[in-house]
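Throw the hints in and build the complete structure from the sequences for me.
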Amino acid sequence: MLPLSTFLFPVSLLSTLAFCATVTYDFDVSWVYANPDGLQTRPVIGINGQWPVPTIRVTKGDQLVVNVKNSLGNQTTSIHFHGLYQNGTTHMDGPTQVSQCAIQPGESFTYNTTVDQPGTYWYHSHVRGQYPDGLRGPLIVTDPEDPHKSLYDEELVLSFSDWYHDSMTDLLASFINIANPSGAEPVPDSALVNETQNLGVKVQPGKTYMIRMVNVGAFAAQYVWFEDHTMRVVEVDGIYTEPTDADMIYLAAAQRYSVLITAKNSTEQNFAFVGSMDQDLFDTVPATLNPNVTGWLVYDDNKDKPAPKTLDSFEPFDDFSLVPQDKEDLYDHVDHTIQLDMKMDNLDDGANYAFFNDVTWIAPKVPTLYTVLSTGANATNPLIYGSNTNQFVLQANEVVEIILNNDDPGKHPFHLHGHAFQVIHRSDEDSGFYNPTNTPPFPRTPMRRDTVLVHPNANMVLRFRSDNPGVWLFHCHIEWHVASGLIATIIESPLDIQRQLVGSIPRDHLDACRTARVPIAGNAAGNTRDLLDLTGENSAPGYLPGGFTARGVVALVFSCGVAVLGMGVIGGYGMAPIKAKTG
Amino acid sequence: MVNVFAVPVFFICFRECLECSIIVSVLLAFLKQTLGPETDAKIRKKLVRQIWVGIALGILICLIIGAGVIGTFYTVGANAFESAENIWEGAFALLASVIITLMGAALLRVSKLQDKWKAKITRVLETKDSNVIGKGRVKIWCEKYSMFILPFVTVLREGIEAVLFIAGVGVGLPATSFPLAVICGLGAGVLVGYLIYRGGNTTSLQLFLVLSTCFLYLVAAGLFSKGVWDLEQNAWVKLAGEGAAEAGDGPGSYDIRKSVWHVNCCSPLENGSGGWGIFNSLFGWQNSATYGSVISYNLYWIFVIIGFLALGFKEKNGRWPFMKAKPEAEVERGAESEASDEASMGEKKDGGVVGTTAVREISE
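As you go down the protein sequences, you meet chains A and B in turn. When you read off a place in the first sequence, starting at 1, and then add 1, the result is the number in the working numbering. When you read off a place in the second sequence, starting at 1, and then add 16, the result is the number in the working numbering.
These are computed hints drawn from the structure, not numbers from a lab. As the structure is a computational prediction, the values presented were derived from the model and not from experiment. Mixed in with the good hints, there may be bad ones.
Straight-line distance between alpha carbons at most 30 Å, and here's what the computed DSBU-like set of lysine-lysine pairs gives [unchecked claim]:
id	chain 1	residue 1	chain 2	residue 2
1	A	208	A	328
2	A	344	B	274
3	B	48	B	132
4	A	208	A	306
5	A	265	A	208
6	B	254	A	344
What follows is the structure, given as structure tokens:
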């Protein structure tokens with residue numbers, strides 16, 4: 002069990018008064034051993050020889066500099082600051098082969114961005130499937146002008162997550178595999194809170210705490226509740242909300258909630274709080290799995306910590322009803338609609354993949370941002386970004402609507418880089434595709450966030466303004482589905498990106514590509530002459546044949562032919578007079 | 017329909033029952049002929065009764081064995097069967113296919129069968145005769161013995177055969193599809209046996225036999241292919257586990273690496289796809305064909321074709337192909353004359369002196 006103070010003051014880099022201070026972190030990323038659930042020691046990705054990794058803390062307006070050294074030896078890495086808009090610094094966003102090349106073992110790489118937004122965020126590796134091995138931690142942006150400042154006395158951070166005993170490399174190999182045709186995601190082995198279990202959180206009677214909760218998990222959403230304490234939601238994904246009461250929260254992978262909890266006035270009793278993984282997500286639930294992680298609001302260290310009470314059912318708070326504190330109006334005039342129909346299906350290598358509009362994302366040969374920067378006026382042509390990136394080119398200052406139809410019986414938390422979006426419609430389970438003529442009126446001041454859950458076989462509509470030039474991914478934040486291709490690429494005002502960044506990509510970013518021998522110019526296939534020639538681009542396995550192929554027809558004709566011939570021979574023999582040999 | 021009527025089961029019952037009927041009819045005919053009107057009607061009646069008793073007893077024991085097999089199958093073996101369903105189905109299908117193949121040819125030569133049995137009966141009776149000093153009572157006693165033992169053994173043998181075949185073919189078929197098929201098969205077998213006994217139109221009888229044999233080989237070819245498919249499917253399910261079962265007939269229900277064709281419909285395994293289920297049990301149809309299932313199907317037919325060509329060659333030339341040729345080979349084609357056929361067949365039999373047209377004579 003870890004002392005809570007670790008999470009309250011993880012790094013002694015408290016910028017005191019300085020406006021626009023520069024906060025610098027040096028991260029030496031390497032393998033360490035850890036056993037957070039007490040069941041199995043395993044190698045995990047730590048920072049500066051430590052795991053859990055530190056919480057990044059900055060104040061709104063600060064310059065955040067993170068110097069990363071990859072000391073993993075056997076894996077590349079990168080860091081994505083989840084939820085930061087990266088206005089003017091899309092090259093600092095972190096996804097490999099999108100806005101940068103992966104940091105090769107032994108290499109260093111600097112992220113440098115201005116954080117001009119308050120709230121609860123997190124950072125994690127954005128190399129395929131890597132962060133659940135441990136490289137994930139909260140990123141807290143404190144706000145001197147927090148509108149809810151007067152409502153609480155102290156702040157706490159709780160990260161929730163699922164945990165696997167096997168490495169992601171091994172799990173991914175068996176996940177995207179012919180032997181897993183249904184695409185059943187590996188089921189976690191444990192649930193963690195603050196990367197441990199049975200966490201005691203010391204509270205003082207009568208005080209009000211703002212608890213910043215982050216789901217840093219790979220897969221599982223968690224139901225979170227505090228026994229006998231009501232939460233007041235004041236922030237979701239960095240957006241302040243009107244304080245709203247909630248007894249239980251559904252914290253999907255990558256989502257954040259800040260809630261206010263007022264401690265009771267007596268110290269007679271300690272209270273359990275629970276994170277319970279949503280087992281609907283799991284294909285099969287092993288009998289040995291404990292889906293819950295328990296912690297306690299500790300009023301008195303000498304009192305016992307009661308086991309949590311059993312619940313009859315989960316009744317989580319519906320975030321759709323939240324109202325942002327700034328009361329930003331609904332964007333009611335749409336300039337650009339993007340429809341994404343998502344499904345899971347198998348390709349002709351027998352493995353299961355995830356699709357937007359029948360395309361599963363495959364990394365382009367050239368990071369998409371570098372294609373933008375190296376193609377001049379052609380950067381506005383979506384075709385140059387390849388056949389497998391689900392690319393959408395936006396113009397500046399459009400109101401963009403994403404209609405997401407979930408043609409899959411699973412729940413998926415969708416995340417958009419570079420923006421928070423208005424969630425203007427979200428249908429109930431099994432309601433099928435979006436039908437604009439048959440929907441309730443949109444909320445006037447819709448909830449905004451950067452990661453939102455779509456229900457099984459249902460749909461949702463998101464809107465945002467394209468006021469942030471950059472290459473932004475829109476993807477499911479279940480890490481398995483990122484690996485199986487549930488990603489779209491939004492290329493927002495590419496000519497503005499060029500104005501901001503041509504010639505100013507830092508040396509170490511270009512060196513990362515050079516070391517990895519990744520081309521940094523041309524279309525998705527690395528072709529710099531004919532940008533529409535995608536010969537040699539990375540592509541997905543082929544589609545499954547819909548029915549009979551030439552091979553099948555030949556086989557069937559042959560089989561029928563030989564059967565007819567055979568019956569002919571039988572008939573000939575059978576109808577021939579039965580003749581005896583004489584003698 | 018597949019839930020009500022298992023066609024392969026029908027054919028097996030029909031075939032086995034037909035063989036019994038023929039043997040019984042030969043026996044009855046033999047009795048009628050040898051113990052002509054001059055014989056004591058009482059004795060004849062007694063012998064006839066013994067034949068029926070033999071048949072009845074044979075059937076009874078078959079039923080008991082059948083019940084035992086089924087009982088064991090569904091109780092003791094149920095778990096083992098569940099866990100390795102594909103292996104069981106595959107192995108039984110292959111076995112049944114081989115057996116049907118071997119016995120199918122015999123069905124085409126029912127007249128030969130008649131002759132064979134006539135010879136057999138005669139031999140049995142005559143050896144008995146020669147070993148016995150006196151005649152009269154002893155002879156009658158021996159005949160009495162033969163008339164019981166022959167139908168009894170025959171029915172027993174055919175019946176057990178049928179039980180085993182049905183077990184093989186019927187694995188995976190719903191239990192409800194059995195009774196009607198069995199009853200119809202037995203009925204048809206008795207009917208055709210009776211027709212043979214009566215002598216009927218032998219050409220159309222022969223045509224009927226050819227058609228039903230063709231059908232039987234289609235079934236056997238399908239079974240062979242299905243057997244291979246089942247074994248391959250077993251390997252796939254082992255690899256893909258739950259996912260394979262969940263996939264129904266969609267992607268993931270089969271091993272793409274071995275697929276020759278796959279259509280996302282027409283699966284014989286889906287409920288309510290009756291037609292395809294019949295197609296599967298009759299001809300081995302798979303909506304998801306593998307290299308194994310297609311190649312085995314074709315190889316099977318090639319083997320059958322070669323086999324029948326060789327049989328035909330032998331009948332025509334009196335030797336197997338590629339064996340030393342006998343100088344003149346009689347070639348007789350065209351108009352068939354059952355009588356002449358039977359005559360020649362009769363001559364062929366070693367020591368067979370039973371009237372070659374006995375069956376017909378009696379029937380007139």
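* Among all the numbered hints in the text so far, which are the ones the structure does not match? -> Violated: none.
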